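The listed protein sequences derive, respectively, from chains A and B.
If you read the first sequence in the working numbering, its first letter stands for residue 19, the second for the next number, and so on.
If you read the second sequence in the working numbering, its first letter stands for residue 348, the second for the next number, and so on.
No lab work stands behind these hints: they were computed from the structure.
Since we're looking at a predicted model, the values are computed, not measured.
Mixed in with the good hints, there may be bad ones.
As the list claims (entries may be wrong) - Here are the simulated DSSO-like cross-link-like pairs (lysine-lysine), alpha carbons at most 27 Å apart as the crow flies:
#1 B:K706 x A:K171
#2 B:K786 x A:K148
#3 A:K147 x B:K815
#4 B:K788 x B:K815
#5 B:K431 x A:K148
#6 B:K808 x B:K786
#7 B:K788 x A:K147
#8 B:K808 x A:K147
#9 A:K96 x B:K788
#10 B:K786 x A:K147
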Amino acid sequence: MKRLEVKQLDFAYGRNQILFEFDFSLEESQIGCLLGPSGCGKTTVLRAIAGFENPTKGEIVLNGNKLNGSKIFVEPEKRQIGMVFQDIALFPHLSVESNIQFGIRTLTQTQRDKRSNELLDLVGMSQFKKTYPHELSGGQQQRIALARAIAPKPSLLLMDEPLSSLDEELREQLAREIRLILQQEKISAILVTHDQNEAFAVGDHICVMHQGRVQQNDSAYNLYHRPLNRFVAEFIGEGALLPGVVADEDTITTDLGEIKGNLPESCKHQDNVDVLIRPENVILGDDKENRAVITERYFRGSGYLYSLKTSGGVELLSLIPGSEALQIDQSISVRLQIERPVVFSRP
Amino acid sequence: MKNITNRMWRPSIVGTALILSVPILTIVFSVFEPPGENWQHLKDTVLPEYLGNSLLLTFGVGAGTLLIGVSTAWLTAMCRFPGKSLFVWLLLLPMAMPAYIVAYTYTGMFDFAGPVQTTIRDWTGWRYQEYYFPQIRSMGGAIAMLSLVLYPYVYLLGRSTFLEQSIGVMEVSRTLDCGPWTVFYRVALPLARPALVTGLSLALMETLADYGTVAYFGLGVFTTGIFRTWFGLGDYTSAAKLAALLMLFVFALIIMERFSRNKAQYHNSSGKLTRFSEYRLQGFKAWGAFAICTIPIFLGFFLPAAQLSLWALETWSDMVDDSFFELIRNSFLLGFGAALISVILALFLGYGKRMLPGKTTILSVRTASIGYAIPGTVIAVGVIIPFAWLDGRIDAFMQSSFGISSGLILSGTIVAVMFAYVVRFLAISLQTVESGLEKIKPSMDDAARSLGCLPRETLFKIHIPLMKSSTLTALMIVFVDVMKELPATLILRPFDFNTLAVRAFELASDERLADSSTAALTIVIVGLLPVIYLSKTISHSRLDQGNTEI
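Produce the complete structure using the sequences and hints provided.
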């Protein structure tokens, strides 16, 4: 049995439809991510699962129990779903300890103290037990908010952009911490974010959303290397689409020479296609052919990232390792090194 | 159940707003009434005088409050000199003094028969008209009195905006070789202008609303004109028309205030707020700053308070009797009742705006809170006209169907007084309640529910504890404002019903200044409560929350 199943969810505010046939599922102790640009409906999915919004169609099943339907609607306080909010939302009139104990009011005092001490340990904030939220930094507050949400041992934890109000450095560190804490507590969770690095750091699988629809629900590796459509290809990672023509069943000809590899079956001879080119696919060549001009150069530590313009006017990115810098406006020869090309047919 | 409350809520909000705007609409529509016989006469004779005097008073008080408010705000925000930390809150004290009380206290001190002139005559041997002494009961006197008690509006907003100004722009100007005066004129003052204009417009609204001072000084301005026309001529339509003209001025101020508040957000500093390194004043500069801050506090609070206390010491044994306790009871009853109703309505409207956002709700809440700018005199006239009409209707209905007379149910009773107070002071409680509500983010409600709280438990565990202090503050501020209120009470009170403010004013008008002091002092002491509260919030607010709402 799956921990959570969301089937064919539709949601609309009046005439404005936010979600279209949204499908999503989560296994026991798994962490899923909803990733997409702002306004794609990811927060609405989360609020529907939590019970703060009632979907117009479709169903949400948690541990085999239906949470919504024509006759049923389980109120948020009855769902046993924990939630961490973007604006943290700690109760300002309660101490750190009371905030954490807020959701376990039905336990005895000893049990409550035991649980809150355990969680304060887990998030590394034991010395702040009696402190009030406004005395804590943003990162500390979010740790307490996480502890508060998982204190009642919820069946599912929802996190709505929990790190977006924090500094960038802190964000990465806390993202890794959250993953460790959730794994330690064996909690199934969903993280909503617009930041792919955050999603990659926390999620076991990632659901990319755009305009209320699922674009691709997959591992981070597949999202990067096997994007199913143009949106995912452009949204995840850096790269560019290079136009080409299908020459035969395993060759595409482009401005920068031939690309060989297994092509999808839908590609027919003489079709116009776009090939996804990641920066690491473009390496220095050694012949007079396939030339491109360097337009920009960025230092990337282990090498340089170049912006290139082909003779056909296409802009590409190229990551070239090493400490030697090529000059801007220099014309260089490039070679494409692609094992399995990602190809989209062009309308 | 949930649906029924939701469906009833929005219409009730709209209904509340409509009922509360009845007085203002009455005045607005009075413009279209056919003018009475007196109107032409008024227009030819006294109207130019009212207009000229009101304008003169407004400009005078504007200049006075800006001068005192800006200089004290700049000094206490930017400079270091002896006593500065005390001045920060002492400068608020004159807010506790109703202008009319200061006015007759000063008259008592500086009039021909007062102690000051008598002493001068005793020392010099001069006699009547042999020396020049400024006349207190004059336009100049009124400007001085009102400026002395109204400058804190400019001071409060000015100081917080000087403190909030980005330290960056100040320090950049200093590196560009600007001295403190140049920084003030070329950087700080232009940046602070929207906030200062907001403070100024609030002070001027109070000026236009003032009745006690101008009436006591015998000046013909709009508020006194409305009284004369109402009680002297008994001409209600003309009084309403005068009220409409006065409201025109007030609307100009409201627009000025709104506009500058909107503008203020663009003038605000960006980036992190750190404290500006203060200018250390030494020698005569330090003493100058000390004097600039001491004078308004002394003249606006301590001197009149001392005189009132002296008078009260002389007369209290005669004045404190059963009727005095009745005054206190009446004032407290009115104040507490109006405060309670205002706060309940404010909670109702504030939560409505939070739960049912939308244009209708926002517009309704705004309409309901417009009364803060409207002078009590105008509201009173706007209340009594429709109430008297309604009483007539009810009475006629009762006569014809049951053969009994219902008499006056609304007008000339406490109901009318309360209603006027709520119209005038709802905005204050609404503002306090809304700023409290802002602290409870919607996600806190969600968090509580996802942690297993029923909506009712959320109310008791989250909302009530968090809203307690702002609700109490709103209660206190409305209570004190009602205690000080004079003109609406004078017009609307039931026959033979007195409050502290009315009694103090009546005694002073009968030249029984010393006798009025006990009632006046009581009002001042109660009036200190919100000032103490305000000074606490100022000193507790961190720099980034220095925005004090008034």
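Cross-check of the supplied hints:
1. B:K706 x A:K171: violated (41 Å)
2. B:K786 x A:K148: holds (21 Å)
3. A:K147 x B:K815: holds (25 Å)
4. B:K788 x B:K815: At roughly 16 Å apart (the allowed maximum being 27 Å), K815 of chain B and K788 of chain B satisfy the hint.
5. B:K431 x A:K148: Given that 27 Å is the threshold and the Cα spacing comes to 36 Å, the pair is violated.
6. B:K808 x B:K786: OK: K808 of chain B and K786 of chain B at ~15 Å, within 27 Å.
7. B:K788 x A:K147: holds (23 Å)
8. B:K808 x A:K147: holds (20 Å)
9. A:K96 x B:K788: Satisfied, since the Cα-Cα distance of roughly 22 Å is no more than 27 Å.
10. B:K786 x A:K147: Judged against 27 Å, a Cα distance of about 23 Å means the pair holds.
The structure fails to meet hints 1, 5 from the earlier list, while all remaining hints are met.
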